[in-house]
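Could you build the full structure based on these sequences and the hints that come with them?
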Amino acid sequence: MKSLEELQRIKEAQLEAIRLREADQKAKIVVGMGTCGIAAGAREVMSAILDELGKRRLTGVAVTQTGCIGLCAQEPLVDVILPGKPRVTYGKVDASKARQIVAQHIVNGIVISEWVVNRGEE
Amino acid sequence: MEELALHILDLLENALAAGARRIIVTITEDTERGLITIEVEDDGRGIEAEALAQVLDPFYTTRKTRKLGLGLPLFQATAAQCGGDLTLESRPGQGTRVVATLQLGHPDLPPLGDMGATIAAALSSEQEADIIYRHRRGQKEFQFSSSWLKLHLGEVPLNCGPVLDWVRRYINKGLAELHGGEDW
Ligand code: FES
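Chains as they are written, first to last, in the working numbering: chain S, 1 to 122; chain R, 1001 to 1184.
The set of hints was computed from the structure by calculation and includes no laboratory data. The beta carbon of each residue, even a glycine, is placed where N, CA and C say it ideally should be.
Have a look at the derived ranges for each label pair, beta carbon to beta carbon:
{"#": "1", "chain 1": "R", "residue 1": "Q1081", "chain 2": "S", "residue 2": "R19", "range": "51 to 57 Å"}
{"#": "2", "chain 1": "R", "residue 1": "E1177", "chain 2": "S", "residue 2": "V116", "range": "40 to 46 Å"}
{"#": "3", "chain 1": "R", "residue 1": "E1126", "chain 2": "S", "residue 2": "L20", "range": "22 to 28 Å"}
{"#": "4", "chain 1": "R", "residue 1": "T1037", "chain 2": "S", "residue 2": "K2", "range": "27 to 33 Å"}
Once the Cα atoms are required to be at most 30 Å apart in a straight line, the calculated DSS-like pairs of lysine-lysine come out as:
{"#": "5", "chain 1": "S", "residue 1": "K55", "chain 2": "S", "residue 2": "K85"}
{"#": "6", "chain 1": "R", "residue 1": "K1150", "chain 2": "S", "residue 2": "K55"}
{"#": "7", "chain 1": "R", "residue 1": "K1173", "chain 2": "S", "residue 2": "K55"}
{"#": "8", "chain 1": "S", "residue 1": "K28", "chain 2": "S", "residue 2": "K92"}
{"#": "9", "chain 1": "S", "residue 1": "K26", "chain 2": "R", "residue 2": "K1150"}
{"#": "10", "chain 1": "R", "residue 1": "K1150", "chain 2": "S", "residue 2": "K11"}
{"#": "11", "chain 1": "R", "residue 1": "K1150", "chain 2": "S", "residue 2": "K2"}
{"#": "12", "chain 1": "R", "residue 1": "K1173", "chain 2": "S", "residue 2": "K11"}
{"#": "13", "chain 1": "S", "residue 1": "K2", "chain 2": "R", "residue 2": "K1140"}
{"#": "14", "chain 1": "S", "residue 1": "K2", "chain 2": "R", "residue 2": "K1173"}
{"#": "15", "chain 1": "S", "residue 1": "K28", "chain 2": "R", "residue 2": "K1173"}
{"#": "16", "chain 1": "R", "residue 1": "K1150", "chain 2": "S", "residue 2": "K28"}
{"#": "17", "chain 1": "R", "residue 1": "K1173", "chain 2": "S", "residue 2": "K97"}
Below you can see the structure in the form of structure tokens.
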């Protein structure tokens, strides 16, 4: 079955990344999945992020989600946490903004300030 | 919500928020009787009896006191609109079961939508929960389970981009086959 061969390939790429110790200092993307986040399109935002990471073969990025954050008016919310950097929260993200966040913030390390609704301490 | 899959994602989020270790999603399309049944069962901490009555109260959503179950009245309304209903059973400490039945072919029935993205989103939770998804249509069935995926992945975590993206495409392909290639 073709899908399983592909899964095997993904597994090998990930194992390679773990071997290179990238895993210790993984970048992380968190998507808010509370009820209003879902209604506002958070799932599509996550799909766009996954698709973009896949296309760019970015293995060192963990994608995760969180429930209600309590910032409903700004949903969909996406947090980006780069190793050693404070957490940056983007608000009112859609699929196209999500792809740009991957390209600019994750790949180039440039924060897209105009969409930021909150910045972590540290 | 424009898709049944988004209502399902909301139920999955409730289950995760309730600390579930195991969540079973069962969708049955009974083409003979013209019904679609969506069931989400979890072993989370459940809902107290008094809160249970409130969760499906149509005015509950306007009270901002409790965040759990905000989407349930929305799903209930969708089910009612489609000539069906939604039931909620919960036992504190044992888990929760939500069953929604809707009429297939009802003009107001939302499309099933992107179930692959829904399951992938739920799997991206940091909380480790086994998710089982069974989809039956007439005699045919599609199944996915996160423990089967973990078996294949070994030490590779589920919540990395390429894996979740694979999950989304794998499930959608399976469902497309179940529907004979037609789009829902
Ligand atoms: S559901 Fe959106 S912040 Fe709570």
